[in-house]
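Modelling step: build the complete structure from the supplied sequences, incorporating the hints.
In the UniProt record's numbering, the protein residues as written are 1 to 162.
Errors might be hidden in some of the hints.
[As the list claims (entries may be wrong)] Okay, the calculated beta carbon distance ranges per label pair: (1) Glu59 x Val148: 15 to 21 angstroms; (2) Val17 x Gly58: 37 to 43 angstroms; (3) Pro70 x Lys135: 35 to 41 angstroms; (4) Val17 x Lys161: 34 to 40 angstroms; (5) Pro75 x Leu155: 24 to 30 angstroms; (6) Arg134 x Ser111: 22 to 28 angstroms; (7) Ser144 x Glu59: 36 to 42 angstroms; (8) Gly43 x Asn107: 21 to 27 angstroms; (9) Gln60 x Pro16: 24 to 30 angstroms; (10) Asp18 x Val160: 22 to 28 angstroms; (11) Gly47 x Gln132: 36 to 42 angstroms.
Simulated from the structure, these hints should not be mistaken for lab results. Please read these numbers as outputs of a predicted model, since none were measured by experiment. C-beta: ideal position from N, C-alpha, C; glycine also.
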Amino acid sequence: MTKTTAKKVCTTLCPPVDLSGEAGWTDFDAPALVGESLRFVSGEPDGNRFRVRYYRDGEQQLKARIWFGPETEGPPGHAHGGSMAAVFDEVLGLAAWAAGYSIVVGNLNVSFRNLLPLQQVVTLESRVISAQGRKVMVHGRIYSGETVYAEGECLCITIVKK
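Following this line, the structure appears as structure tokens:
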């Protein structure tokens with residue numbers, strides 16, 4: 001019987017990564033908008049799971065620079081699809097909040113296009129597509145250069161305050 005083991009990328013705390021934005025992007029303070037509810041994805045900014053930094057582009061659309069660390073591993077050396085879905089949930093929901101809608105995510109669809117290598121900084125761009133009644137539709141994609149790793153569609157429902 002042969003035993004195979006996947007090589008771990010980092011066994012201790014991984015070194016810092018550059019999550020700088022592009023020209024024309026401005027820093028966006030997500031916790032100031034929605035509070036500490038961003039703990040699952042962006043709760044450990046120096047950890048080995050996710051590292052995230054938020055921006056707004058020139059059109060005021062939300063962007064995120066994201067690093068998928070070794071604790072997000074699914075297929076050997078690559079991010080788990082569930083980790084990518086979690087990032088879409090946070091970023092696309094936050095995009096609706098940043099556009100002025102107090103929402104919860106009602107439905108999230110993710111289409112995976114390519115395996116995402118671990119410890120690579122990628123961009124998630126988002127765009128609020130429509131708002132009708134209590135429904136807000138937000139689209140996004142995770143990419144680096146010309147490679148698209150996943151695309152997401154999020155139906156958000158505005159919160160009714162009683």
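Going through the hints against the structure:
Separated by about 20 angstroms at the C-beta atoms, Glu59 and Val148 satisfy the suggested range of 15 to 21 angstroms. Between Val17 and Gly58, the C-beta spacing of about 25 angstroms breaks the proposed range 37 to 43 angstroms. Checked against the hint of 35 to 41 angstroms, the pair Pro70 and Lys135 passes, with Cβ atoms roughly 37 angstroms apart. Separation of Val17 from Lys161 is about 39 angstroms and conforms to the stated range, judged on CB atoms against 34 to 40 angstroms.
At roughly 28 angstroms, the beta carbons of Pro75 and Leu155 sit within the given window of 24 to 30 angstroms. As the Cβ distance of Arg134 to Ser111 is approximately 25 angstroms, the hint placing it in 22 to 28 angstroms holds. Range check, Ser144 to Glu59: Cβ separation about 21 angstroms, and the 36 to 42 angstroms hint is violated. Distance hint check: the CB atoms of Gly43 and Asn107 are about 24 angstroms apart, consistent with the given range 21 to 27 angstroms.
About 28 angstroms separates the C-beta atoms of Gln60 and Pro16, a value consistent with the hinted range of 24 to 30 angstroms. Under the hint 22 to 28 angstroms, the C-beta atoms of Asp18 and Val160, about 41 angstroms apart, miss the expected range. Take Gly47 and Gln132: their Cβ atoms lie about 38 angstroms apart, and the range 36 to 42 angstroms holds.
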